[in-house]
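A.B. asks: What follows is each chain in one-letter form.
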Amino acid sequence: MTLLSIRGLTVEGRQGDAWVPLVRGIDLDLQRGEVLGLIGESGAGKSTLGLAAMGYVRPGCRIASGQILFDGTDLAAATEAERRAVLGARAAYVAQSAAASFNPAHRLMDQHVEGPLLHGTATRREAEADAVDLYRRMRLPEPDRIGLRYPHQVSGGQLQRAMTAMAMATRPALIVFDEPTTALDVTTQIEVLATIRRIVEEFGASALYITHDLAVVAQMADRIKVLLRGDEVEEQGTREMLAAPREPYTKSLWAVRTHRRAPAPPPTAEPALAVEGVTAGYGALDVLHDVSFDLHRGRTTAVVGESGSGKSTAARVVAGLLPARRGAIRLDGRPLAPSYRSRAKADLRAVQLVYQSADTALNPRQTVRETLARPAAFHGGLSGEALDRRVRDLMAMIEMDAAAFLDRLPSELSGGQKQRVGIARALAADPDVLICDEVTSALDQIVAEGILRLLDRLQRDLDLAVMFITHDLATVRAVADEVVVMKGGRIVDRGDRERVFQPPHHPYTERLLRSVPEMDPDWLTRALAEPRA
Amino acid sequence: MTAALALLNAVFWIAVTLVGAALAAWAFRALLATLAPGDRRLWRTMPLPAAFGMLVVLLYALAGLLAPWLAPFPERAVVGDAYLPWGGDFLLGTDNLGRDVFSRLIFGARNSVGIALLTTILAFGVGATLGLAAAAVGGWLDTALSRLVDVLMAIPALILALLLLTLLGASIPNMILVIALIDSTRVFRLARAVAADIAAQDYIEAARLRGESLPWLVRREILPNALSPLLAEFGLRFCFVFLSISALSFLGLGIQPPAADWGSMVKDSATLITFGDPTPLLPAGAIALLTVAVNFVVDWQLHRASGLKE
Numbered sequence: 349m350t351l352l353s354i355r356g357l358t359v360e361g362r363q364g365d366a367w368v369p370l371v372r373g374i375d376l377d378l379q380r381g382e383v384l385g386l387i388g389e390s391g392a393g394k395s396t397l398g399l400a401a402m403g404y405v406r407p408g409c410r411i412a413s414g415q416i417l418f419d420g421t422d423l424a425a426a427t428e429a430e431r432r433a434v435l436g437a438r439a440a441y442v443a444q445s446a447a448a449s450f451n452p453a454h455r456l457m458d459q460h461v462e463g464p465l466l467h468g469t470a471t472r473r474e475a476e477a478d479a480v481d482l483y484r485r486m487r488l489p490e491p492d493r494i495g496l497r498y499p500h501q502v503s504g505g506q507l508q509r510a511m512t513a514m515a516m517a518t519r520p521a522l523i524v525f526d527e528p529t530t531a532l533d534v535t536t537q538i539e540v541l542a543t544i545r546r547i548v549e550e551f552g553a554s555a556l557y558i559t560h561d562l563a564v565v566a567q568m569a570d571r572i573k574v575l576l577r578g579d580e581v582e583e584q585g586t587r588e589m590l591a592a593p594r595e596p597y598t599k600s601l602w603a604v605r606t607h608r609r610a611p612a613p614p615p616t617a618e619p620a621l622a623v624e625g626v627t628a629g630y631g632a633l634d635v636l637h638d639v640s641f642d643l644h645r646g647r648t649t650a651v652v653g654e655s656g657s658g659k660s661t662a663a664r665v666v667a668g669l670l671p672a673r674r675g676a677i678r679l680d681g682r683p684l685a686p687s688y689r690s691r692a693k694a695d696l697r698a699v700q701l702v703y704q705s706a707d708t709a710l711n712p713r714q715t716v717r718e719t720l721a722r723p724a725a726f727h728g729g730l731s732g733e734a735l736d737r738r739v740r741d742l743m744a745m746i747e748m749d750a751a752a753f754l755d756r757l758p759s760e761l762s763g764g765q766k767q768r769v770g771i772a773r774a775l776a777a778d779p780d781v782l783i784c785d786e787v788t789s790a791l792d793q794i795v796a797e798g799i800l801r802l803l804d805r806l807q808r809d810l811d812l813a814v815m816f817i818t819h820d821l822a823t824v825r826a827v828a829d830e831v832v833v834m835k836g837g838r839i840v841d842r843g844d845r846e847r848v849f850q851p852p853h854h855p856y857t858e859r860l861l862r863s864v865p866e867m868d869p870d871w872l873t874r875a876l877a878e879p880r881a
Numbered sequence: 011m012t013a014a015l016a017l018l019n020a021v022f023w024i025a026v027t028l029v030g031a032a033l034a035a036w037a038f039r040a041l042l043a044t045l046a047p048g049d050r051r052l053w054r055t056m057p058l059p060a061a062f063g064m065l066v067v068l069l070y071a072l073a074g075l076l077a078p079w080l081a082p083f084p085e086r087a088v089v090g091d092a093y094l095p096w097g098g099d100f101l102l103g104t105d106n107l108g109r110d111v112f113s114r115l116i117f118g119a120r121n122s123v124g125i126a127l128l129t130t131i132l133a134f135g136v137g138a139t140l141g142l143a144a145a146a147v148g149g150w151l152d153t154a155l156s157r158l159v160d161v162l163m164a165i166p167a168l169i170l171a172l173l174l175l176t177l178l179g180a181s182i183p184n185m186i187l188v189i190a191l192i193d194s195t196r197v198f199r200l201a202r203a204v205a206a207d208i209a210a211q212d213y214i215e216a217a218r219l220r221g222e223s224l225p226w227l228v229r230r231e232i233l234p235n236a237l238s239p240l241l242a243e244f245g246l247r248f249c250f251v252f253l254s255i256s257a258l259s260f261l262g263l264g265i266q267p268p269a270a271d272w273g274s275m276v277k278d279s280a281t282l283i284t285f286g287d288p289t290p291l292l293p294a295g296a297i298a299l300l301t302v303a304v305n306f307v308v309d310w311q312l313h314r315a316s317g318l319k320e
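Protein sequence lines correspond, in order, to chains D and L.
Everything in the first sequence is counted per the working numbering, starting at 349 for the first residue and increasing by one.
Everything in the second sequence is counted per the working numbering, starting at 11 for the first residue and increasing by one.
In case anyone wonders, no lab produced these hints; they're calculated from the structure.
This structure is a prediction, so every number in the text was calculated from the model and none was measured.
Where a beta carbon is used, it is the ideal one built from N, C-alpha and C, also for glycine.
Just so you know, not all the hints are guaranteed correct.
Here's a subset of chain D near chain L, in silico, CB distances under 10 Å, partners left out [said to hold, decoys possible]:
(1) 668
(2) 669
(3) 677
(4) 697
(5) 701
(6) 703
(7) 704
(8) 708
(9) 709
(10) 711
(11) 712
(12) 718
(13) 719
(14) 722
(15) 770
(16) 789
To list a few chain L residues with every Cβ distance to chain D over 10 Å, as calculated [what the hints assert, rightly or not]:
(17) 15
(18) 28
(19) 37
(20) 40
(21) 78
(22) 79
(23) 97
(24) 102
(25) 136
(26) 139
(27) 153
(28) 156
(29) 160
(30) 164
(31) 213
(32) 262
Turn these sequences into a full structure, and let the hints steer you where they fit.
C.D. replies: Okay, structure coming up:
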């Protein structure tokens with residue numbers, strides 16, 4: 349039985365004075381109880397299509413043509429009142445960031461019961477009782493009482509599950525999951541994935557599952573539809589698609605996790621930067637406990653762990669943003685001042701940081717030229733023509749066209765381009781040590797792959813010591829020479845990549861490894877069946 | 011019958027005024043779009059109220075600058091009997107001492123607007139600089155400045171101004187300093203709040219890690235990003251300063267006679283209102299019109315600033 353049938357749907361968005369198509373002529377069928385995965389890079393129109401399936405378009409967009417038959421009603425032609433009767437009652441939406449989607453001023457329960465009360469499907473008492481039941485099915489802790497908490501009082505993974513529970517409150521026939529686990533740690537992600545899959549099966553709901561993570565969609569979807577810039581590339585059953593993708597674009601998506609680093613030079617006797625027994629923290633609380641590791645020239649040390657493991661704090665200590673309470677940081681054997689304020693200019697130059705979010709890392713009012721020229725002038729003492737040449741060299745290093753991009757503002761760059769400019773700004777200072785803090789985690793896989801290849805080449809050309817912070821073990825496998833595994837502010841495992849990834853593992857490393865989704869559709873079932881480490 | 015006619019008449023004139031204002035604004039915008047430098051699109055997409063606001067501000071500025079040539083009579087000369095009616099030699103009649111009201115209105119633009127502008131610039135120079143610096147440095151400087159501002163803001167503005175002017179003596183330089191001090195506290199609060207958000211961004215951290223000095227941080231990294239809200243506040247603050255000056259002048263502690271000022275002009279001719287003469291409403295209307303005009307321009311700037319953030 350077909351629940352949703354979309355025919356020739358075109359959604360357009362306003363750009364200046366013109367309407368530009370965001371999705372073009374898409375056909376889509378969804379049976380009852382079926383999960384359809386929508387994958388593609390950002391800008392592929394996944395979210396637009398997901399929202400349109402509920403008859404909703406974002407402000408500034410419009411449905412230009414096509415039909416959205418939801419259980420017999422054409423939502424594209426429906427009146428506002430008819431649409432509202434469907435939204436939140438028969439079709440529900442689970443957003444990427446639960447933290448941004450819950451209203452921080454209201455308790456979870458008050459937000460949970462809004463849907464049922466608005467659509468009159470339950471009284472407040474019934475809705476609350478049902479919410480507790482849903483919280484229990486979601487395996488949330490203290491299901492009787494968790495509804496009384498405010499969004500900031502529960503963890504990210506719990507909030508995402510609470511949001512899924514909220515979407516189920518009216519027992520919708522269709523749920524649209526828009527990247528529900530992208531913002532979560534791998535160990536949290538596996539729990540949320542398992543919960544979503546179970547709840548969809550239990551209630552026999554249909555779902556659209558939007559993601560850019562192929563391994564995740566392989567676990568969740570019965571069929572997969574691939575989108576590229578608003579057009580459908582192909583659609584197949586999950587197993588067929590994984591076994592034999594037809595289109596070249598789909599094959600390139602599948603091939604994306606293949607980047608491997610060439611063998612790095614062996615570590616030198618004297619590390620470029622040494623962290624020795626560092627303990628640091630905020631206020632009275634210690635976040636890092638006795639942390640030691642080395643960074644060698646030409647080699648990458650990956651620091652991996654869940655959020656809250658202290659990996660970013662370690663980077664802040666190395667950069668001098670958070671002075672260490674105990675321990676030392678040595679640059680080429682010389683001790684560095686704990687705070688960046690008391691470091692010499694040459695020491696500041698030697699250690700450079702690349703940030704996770706390129707949106708906040710670049711000054712929105714400075715052009716690419718200004719952004720790159722300042723550190724080159726400040727640290728390199730360059731000016732005039734020499735400075736201009738240096739800026740152009742930097743653009744060549746990050747493989748961007750100087751003529752086209754130098755005078756653009758960050759808002760006129762794509763996410764991957766911004767991240768490249770962020771890297772170029774760090775390189776402009778001509779550093780010895782480069783700290784990369786989750787530089788690829790906000791990017792699509794294909795774009796992230798490009799950044800990893802770029803970093804790899806730059807490291808070889810410039811003989812950089814790289815500290816690569818990430819929560820993604822696939823990235824670690826691709827870039828690391830040495831791996832440091834952190835948990836709760838302590839190093840639990842460290843060594844060469846081969847050593848850490850070969851059994852026998854440290855128990856925590858084992859758990860991290862086992863939580864990384866694989867491209868095998870049976871992986872989740874298998875991973876859940878295995879005893880937890 | 012006559013009442014209905016009078017009402018109809020009033021509605022007619024209001025409609026004519028509105029249409030006239032809209033037409034003038036439209037023509038002004040068209041003129042700007044063809045003559046003004048910079049981005050043509052910016053001027054063409056400017057909403058009509060903003061164009062009207064700019065036109066009014068421009069006319070006020072011209073009136074202030076060209077006052078001696080525009081005004082038919084000198085600012086301070088007694089040229090006729092007191093309280094002469096409108097028309098004849100005196101377009102808008104004379105005031106309580108027999109000075110020409112129309113001429114004094116024009117000179118008032120120079121005094122009131124000029125002093126308000128100077129005061130606002132001063133308040134911004136002090137308030138914005140300290141606010142941005144407090145946010146960038148943080149720590150004890152931020153605490154000390156913020157508490158000082160809290161103390162000043164705890165005292166009602168008008169009472170504080172009256173108190174300080176009584177202590178220092180009523181003169182134009184003193185009034186400028188006192189109002190600038192009081193208003194700079196408001197600017198400080200805004201600049202600090204805006205800059206505190208910006209100072210938490212990664213690019214500021216990157217600049218700090220580079221070893222940039224405080225002036226560079228404030229001027230090159232923070233200020234460009236804080237400019238939109240600060241400009242919008244500048245327009246609003248200008249109105250408040252303007253009203254403060256008029257209020258002080260009305261109370262006799264502001265611009266001193268015989269200099270023309272719209273606040274004191276209202277005071278001087280206030281009694282006329284009891285005889286049904288609208289003369290005291292003219293300077294008040296001039297103040298209101300400027301306030302509305304400035305706010306139109308400010309609203310436009312605010313809208314553009316918020317659009318930029320999306």
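A.B. asks: Taking the hints in turn, state whether each one holds.
C.D. replies: Evaluation of the provided hints:
no., hint, result
1, 668, "holds (7 Å)"
2, 669, "holds (7 Å)"
3, 677, "violated (14 Å)"
4, 697, "holds (8 Å)"
5, 701, "holds (7 Å)"
6, 703, "holds (5 Å)"
7, 704, "holds (8 Å)"
8, 708, "holds (4 Å)"
9, 709, "holds (4 Å)"
10, 711, "holds (4 Å)"
11, 712, "holds (7 Å)"
12, 718, "holds (9 Å)"
13, 719, "holds (8 Å)"
14, 722, "holds (8 Å)"
15, 770, "holds (9 Å)"
16, 789, "violated (15 Å)"
17, 15, "holds (46 Å)"
18, 28, "holds (29 Å)"
19, 37, "holds (24 Å)"
20, 40, "holds (19 Å)"
21, 78, "holds (43 Å)"
22, 79, "holds (42 Å)"
23, 97, "holds (52 Å)"
24, 102, "holds (48 Å)"
25, 136, "holds (24 Å)"
26, 139, "holds (19 Å)"
27, 153, "holds (17 Å)"
28, 156, "holds (21 Å)"
29, 160, "holds (25 Å)"
30, 164, "holds (29 Å)"
31, 213, "violated (4 Å)"
32, 262, "holds (46 Å)"
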